[in-house]
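Student: Sequence:
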Amino acid sequence: MLRWIALVLLLLLIGLQLKLWSAHGGMHEVDGLRVSIKKQTDENTRLQQRNQALAADVSDLKHGDQAIEARARTELGLIKPGETFYQIDNQPAGASSTLPLPPPARPGGATGGVVK
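Numbering follows the numbering used here, in which position 98 of the sequence shown is assigned residue number 304; successive positions increment by one, without gaps.
Accuracy of the hints is not assured; some may be wrong.
The calculated DMTMM-like cross-link candidates involving lysine to aspartate or glutamate, where the alpha carbons are at most 20 Å apart (straight line), are [stated by the list, open to error]:
(1) K268 <-> E281
(2) K286 <-> D271
(3) K268 <-> E249
(4) K286 <-> E275
(5) K225 <-> E235
(6) K245 <-> E235
Keep in mind that the hints were calculated from the coordinates and are not lab data.
Work out the full structure: start from the sequences and follow the hints.
Tutor: In structure tokens:
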């Protein structure tokens, strides 16, 4: 009798283990869900950091004139009256320019038929 009870319990244990490892909702699916949760948590963290940066920008734009002026200077090319704009070319001295050279000057100031 005890032998039969042990056999039934062993078969029940084997059946439960099979269901745990291979059936729908088993360990394989749990591992997949853990990976999905980790990816979503990382994405949420990245988006929260981006939102905090955007909120700081909005706050600066609402309350600070310097932030508005800096944006206008960098994005729109703002130059105040009385300021002089200098553009620095970082191209090496020996490199050729992408801009075409001006036409050579004609002797005697001739303009080639162009009326000024």
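Student: Among the hints numbered above, which are violated by the structure, and what are their numbers in rising order?
Tutor: 3
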